[in-house]
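J.: Sequence:
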Amino acid sequence: MLSMRIGLINPNKKLKDASVHLGLGYLASYSRTQHSDINIELLDTRVAKKKEYSSFLNSQFDLIAITASSQVFEETIEIAQHFKSKSPTLPICLGGSHASTEKEASIIDFPFDYAIIGEGEISFSKLIDHLKGNIKIKEVPGLIYKSDSGIQKNNSPALISDLDEIPFPAFDLFKMNRYPQHRMTTSRGCPFDCVFCNSTSLWTTKWRKRSPQNLVDEIKYLNENHGQKTILFNDDSFNIDKKRVIEFCKSLISEKLGIIWSTSIRVDLINEEMASLMKESGCYNVSIGIESANDKVLQLMNKSITREKIQKGINILREAGIDVYGQFMIGNPGDTLDTIKESVAFVESSNLTGAEFYTALPYKGSQLWDFVQKEANLLTSEPTYTYHNFNPRIIYETQDFPYNDRLEAIQLVSEKGYYYGLSHDHKIQLVDLGRTLAKLIQGILKGKLGNKIYLFLRSVYNRYK
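In terms of our numbering, the sequence shown is residues 4 to 468.
Just so you know, not all the hints are guaranteed correct.
Said to hold, decoys possible - Using 20 Å as the maximum straight-line C-alpha spacing, the simulated EDC-like pairs for lysine to aspartate or glutamate come out as follows:
(1) 232 x 283
(2) 139 x 151
(3) 246 x 258
(4) 377 x 351
(5) 149 x 107
(6) 299 x 345
As the list claims (entries may be wrong) - The following label-pair restraints were derived from C-beta to C-beta distances:
(7) 135 x 90: 14 to 22 Å
(8) 89 x 196: 40 to 48 Å
(9) 180 x 288: 40 to 48 Å
(10) 378 x 318: 48 to 56 Å
(11) 35 x 61: 33 to 41 Å
Since the hints were made in silico from the structure, they are not lab data.
Think of the CB as a built atom: it goes at the ideal place given N, C-alpha and C, for glycine as much as any other residue.
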């Protein structure tokens with residue numbers, strides 16, 4: 004094999020939040036540093052034009068790698084089946100959060116030969132080495148693969164301790180002018196232990212950071228080469244290290260880059276100095292995972308925060324001139340119809356700029372998954388990757404929060420315009436209503452027709468009134 008041709012795919016047609024897929028960008032840039040004899044091409048199905056999409060799917064590759072969350076796994080399967088129908092021996096590797104949470108189950112009944120679990124750069128580079136014939140398959144860390152004796156799983160790779168050593172994402176592979184904003188990741192891992200979250204399956208609980216200078220250098224590159232003026236930092240919690248945030252903001256201010264940015268933060272870690280510098284450096288809004296305004300529910304969720312601390316953080320941010328959007332959940336341990344009403348009342352009294360309510364979905368790798376298996380009534384036998392298609396998304400019920408109460412809770416937040424549970428997107432656009440309606444009809448054949456149709460029509464009305 005003279006030069007290996009590798010195809011990277013981001014299957015996200017159903018997601019309307021178009022942005023560079025950083026995971027694939029890092030995978031490509033790191034692999035290039037380890038292999039000078041590879042040719043990498045990338046398909047982002049969200050922004051690709053029809054001719055580009057068709058050309059890519061009809062090209063010949065030596066390796067296909069597809070990233071997938073559970074939301075887009077069905078599209079991922081379709082793409083893999085297409086390549087396997089053309090070339091049955093073509094190696095196809097699955098990566099991303101779905102592979103990391105489902106592990107062996109992510110490939111056993113599907114057209115994938117490999118899956119990479121967790122942080123992917125080292126593992127993918129080693130897989131390339133294996134396919135070149137340089138190392139044995141057992142030497143590829145973090146790999147799950149099919150063999151004659153069944154599914155095999157290798158040991159996890161060592162984490163990359165210094166994130167500054169990873170090259171910037173391979174932006175040359177992306178159609179940068181098709182993305183309205185750019186995302187950056189400034190850290191990996193999360194030291195917190197929220198019951199609903201499974202991100203530690205991908206990044207672990209060890210928090211690792213990029214340096215402020217490394218971040219500023221990437222922003223400069225994006226600004227000078229691609230005219231990017233809006234940045235979204237998509238860390239789980241941007242402000243875990245207060246000193247780093249302050250140093251970063253001061254660097255942005257001194258560089259006078261003229262960007263605006265937003266991020267997600269732990270609201271209990273904010274203070275007046277940090278908020279003021281964030282605003283001065285271009286921060287215009289933040290999202291905070293409030294989840295519930297009830298202290299007992301927060302405790303059961305392992306949020307390590309109280310309603311009082313949440314309100315204090317909101318006040319600090321708003322006084323600094325930063326918009327604050329609260330994210331809430333329906334259906335975590337301890338939730339009832341009354342606790343949801345309490346959260347809605349909090350939204351209206353807390354000086355939040357806006358709020359979004361999501362239904363809690365139990366995914367493998369989260370404590371919520373274990374809770375549902377032991378203490379709740381799971382209402383479906385469908386695989387987890389279909390959960391985002393449910394309208395409304397009521398996957399389980401408890402004795403204290405039964406199905407009908409959950410419907411009423413969703414109705415309540417829908418009437419307030421806060422509910423975004425019908426799709427992954429923040430807004431449903433008219434072009435997608437046909438597909439959404441088809442999935443609704445498919446889902447309601449089993450009963451409870453009136454409630455589901457009512458909630459669907461009510462949620463659409465709230466979005467377009």
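J.: Each hint: holds or not?
T.: Verification of the supplied hints:
1. 232 x 283: 15 Å, holds
2. 139 x 151: Given that 20 Å is the threshold and the Cα spacing comes to 16 Å, the pair holds.
3. 246 x 258: 18 Å, holds
4. 377 x 351: The given pair, whose Cα atoms are some 35 Å apart, is violated under the 20 Å limit.
5. 149 x 107: Holds, because 9 Å separates the two Cα atoms, which is no more than 20 Å.
6. 299 x 345: 12 Å, holds
7. 135 x 90: 14 to 22 Å: Given range 14 to 22 Å: holds, Cβ gap about 18 Å.
8. 89 x 196: 40 to 48 Å: With a Cβ separation near 45 Å, residue 89 and residue 196 satisfy 40 to 48 Å, so the hint holds.
9. 180 x 288: 40 to 48 Å: At roughly 24 Å between Cβ atoms, residue 288 and residue 180 fall outside 40 to 48 Å, so the hint is violated.
10. 378 x 318: 48 to 56 Å: 36 Å, violated
11. 35 x 61: 33 to 41 Å: 25 Å, violated
Of the numbered hints stated above, those contradicted by the structure are hints 4, 9, 10 and 11, listed in ascending order.
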